[in-house]
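A.B. asks: Let the sequences and hints guide you as you build the complete structure.
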Amino acid sequence: MLERAGVPAVSICTDAFVLLARAMAGVYGLPDFDFVTIPHPIASLGPAEIETNMREVVSDVVRILTGRP
Amino acid sequence: MTDLPALDIDELRRVMEEYADRGWTDGLPVMPVTESYLAEFLARTTRPPDEVLLAMPHLERECTVRTAAINAAMAGCRPEYFPVVVAAWSALKAEGYVPRAIWQSTTGTAAMLLVNGPIRERIGLNSKGNVFGSGFRANATIGRAVRLTAINAFGLHPHELDQATQGNPAKYTACIAENEEESPWPPFHVEHGLDAQCSAVTAMTMRSVAHIEARHTTVPEQLALDIAGTISRTGALIHETISACIALGPEHAHLFRSRGWSKDDVRRFVYEHAVNSREALAAVGKDAVSGKTRWRLSGAHPDAVPDTAAERGETDVKVLNSEQAVQIVVVGAHNAGVSAVIETFGPRGGPPAIAPIESP
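Chains as they are written, first to last, in my numbering: chain A, 82 to 150; chain B, 3 to 362.
Honestly, I wouldn't trust all of these hints.
[To be verified] Some chain A residues near chain B, calculated using beta-carbon distances under 7 Å: (1) LEU100; (2) LEU101; (3) ALA104; (4) VAL108.
[What the hints assert, rightly or not] From the derived model, a few chain B residues whose C-beta atoms are all more than 10 Å from chain A: (5) ASP28; (6) LEU40; (7) ARG46; (8) PRO51; (9) ARG68; (10) GLU82; (11) GLN106; (12) PRO120; (13) ARG124; (14) LYS130; (15) GLU162; (16) GLN199; (17) ASP267; (18) ARG280; (19) GLY293; (20) THR310.
I should point out that these hints are in silico values taken from the structure, not numbers from a laboratory.
Backbone N, C-alpha and C fix where the C-beta goes; we use that ideal spot for every residue, glycine too.
C.D. replies: Listed below in structure tokens is the structure:
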């Protein structure tokens with residue numbers, strides 16, 4: 082939705098929702114839509130654990146945003 | 003067995019397997035639909051086939067009168083049930099959570115439909131014994147019509163667009179009727195402003211049905227406290243407060259009425275007594291709310307802010323935000339001190355979502 086509005090964006094979901102993410106991408110006609118996955122769950126994690134998870138995927142976020150491998 | 007109609011079993015199996023292979027099912031066999039059979043359903047409503055009954059904008063999908071009719075036929079409805087199904091979609095639209103994707107949520111909700119008025123008798127809707135159970139075609143297939151539409155029109159297949167963690171049994175079907183004849187109070191739809199000769203559907207987004215055993219008492223306060231205790235269980239709390247529909251068995255309703263309690267008296271008592279102590283909430287880590295989402299969490303969480311009760315200096319924390327967050331309906335057989343609480347989704351507090359049913 083953000084990208085349709087011209088704002089570069091990256092979707093991040095936990096690995097429990099990969100099937101949903103693919104299905105939603107299909108609904109919007111973008112079956113190859115690229116997104117970042119992190120381990121499930123997150124709702125019960127503390128700030129430090131969240132930060133650790135996010136550090137591990139920063140390079141993926143940058144890769145998708147810039148289109149560079 | 004010789005008086006049963008003859009059929010071509012190979013052809014029947016071929017059609018049923020075709021529907022199953024296409025995923026057009028909740029797992030149970032569905033009724034095949036032809037254009038001529040569909041026309042019988044569409045003839046039961048004045049609404050045009052292309053009229054949109056409910057849309058899910060985020061999926062860019064919608065349910066029209068025609069798709070609702072196809073799924074009602076597939077669910078096993080008779081054509082004369084279709085006006086109830088159409089009204090159910092109007093009520094679900096008014097209720098508001100379905101267009102906002104609640105049926106895809108991990109919570110795992112489903113529609114609970116409540117029917118009032120003369121149509122109950124005309125189409126054989128059960129309002130008495132086993133009201134939440136099986137055995138009655140109108141109840142079974144009207145509820146199923148909504149669920150099949152969710153799967154077939156909106157594409158809410160489990161593991162894909164439906165991410166329910168566990169779901170609940172209402173995801174097959176859930177349609178009850180009020181036992182108006184054995185209720186000591188005016189029918190639900192009359193309480194909410196409709197004429198008694200009008201028939202109506204009320205839609206609720208249901209999480210679970212919690213059973214209440216109270217065969218032991220004739221004291222209305224004891225019974226009302228049993229109900230309030232069922233509503234206030236901490237496991238029900240995700241938001242700051244919850245909502246519920248008390249499904250009173252006729253025996254319990256008459257117990258209240260015989261002691262002079264009106265529905266509003268029951269509602270007021272339950273609202274005031276459906277509480278948790280601050281300590282009980284702290285023990286399960288739900289003693290505060292998130293400043294961002296207002297969901298319950300521990301007071302130790304970095305996002306925690308005081309809940310409304312704490313702001314008001316109240317030690318007992320109400321689980322309902324107002325008397326209107328609890329509805330009351332009378333269902334079931336007049337044979338035991340049994341009732342239930344239909345746990346509905348969201349804090350609420352406004353009027354219920356009721357849609358009139360078109361007359362035949």
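A.B. asks: Look at each hint and say if it fits the structure.
C.D. replies: Status of the hints after comparison with the structure:
The beta carbon of A/LEU100 is positioned within 7 Å of a beta carbon in chain B (closest approach about 6 Å), and the interface hint is therefore held. The beta carbon of A/LEU101 is positioned within 7 Å of a beta carbon in chain B (closest approach about 5 Å), and the interface hint is therefore held. With a least beta-carbon distance of about 4 Å to chain B, the hint placing A/ALA104 at the interface is held under the 7 Å criterion. Restraint check, A/VAL108 versus chain B: the minimum CB separation of about 6 Å is within 7 Å; hint holds.
At roughly 18 Å from the closest C-beta of chain A, the C-beta of B/ASP28 stays outside 10 Å, upholding its exclusion from the interface. Against chain A, the non-interface label of B/LEU40 holds: every CB pair exceeds 10 Å, the least being about 26 Å. Every beta carbon of chain A lies more than 10 Å from that of B/ARG46, the smallest distance being close to 32 Å; the non-interface claim holds. Non-interface call for B/PRO51 relative to chain A: holds, since the shortest CB-CB distance, roughly 24 Å, exceeds 10 Å.
Taking the minimum C-beta to C-beta distance to chain A, about 21 Å, the non-interface status of B/ARG68 holds against the 10 Å cut. No Cβ of chain A approaches the Cβ of B/GLU82 within 10 Å, the least distance being about 35 Å, so the stated non-interface status holds. Non-interface call for B/GLN106 relative to chain A: violated, since the shortest CB-CB distance, roughly 8 Å, does not exceed 10 Å. Here B/PRO120 stays apart from chain A, with its beta-carbon at least about 42 Å from theirs, past the 10 Å limit.
In this structure B/ARG124 is separated from chain A by more than 10 Å, as the shortest Cβ-Cβ distance comes to about 40 Å. With a least beta-carbon separation of about 41 Å from chain A, B/LYS130 lies farther than 10 Å from that chain, consistent with its non-interface assignment. The claim that B/GLU162 lies off the interface is violated: its Cβ sits roughly 4 Å from the closest Cβ of chain A, which falls inside the 10 Å cut-off. Even its closest Cβ contact with chain A, about 44 Å, leaves B/GLN199 beyond 10 Å, as expected for a residue assigned away from the interface.
For B/ASP267, the shortest C-beta to C-beta distance to chain A comes to about 40 Å, beyond the 10 Å cut-off, and the non-interface label holds. Against chain A, the non-interface label of B/ARG280 holds: every CB pair exceeds 10 Å, the least being about 22 Å. The claim that B/GLY293 is not at the interface with chain A holds, since no C-beta of that chain comes within 10 Å of its own (minimum 15 Å). No Cβ of chain A comes within 10 Å of the Cβ of B/THR310; the nearest lies about 22 Å off, and the non-interface call holds.
Checked against the numbered hints given earlier, this structure breaks hints 11, 15; the rest are met.
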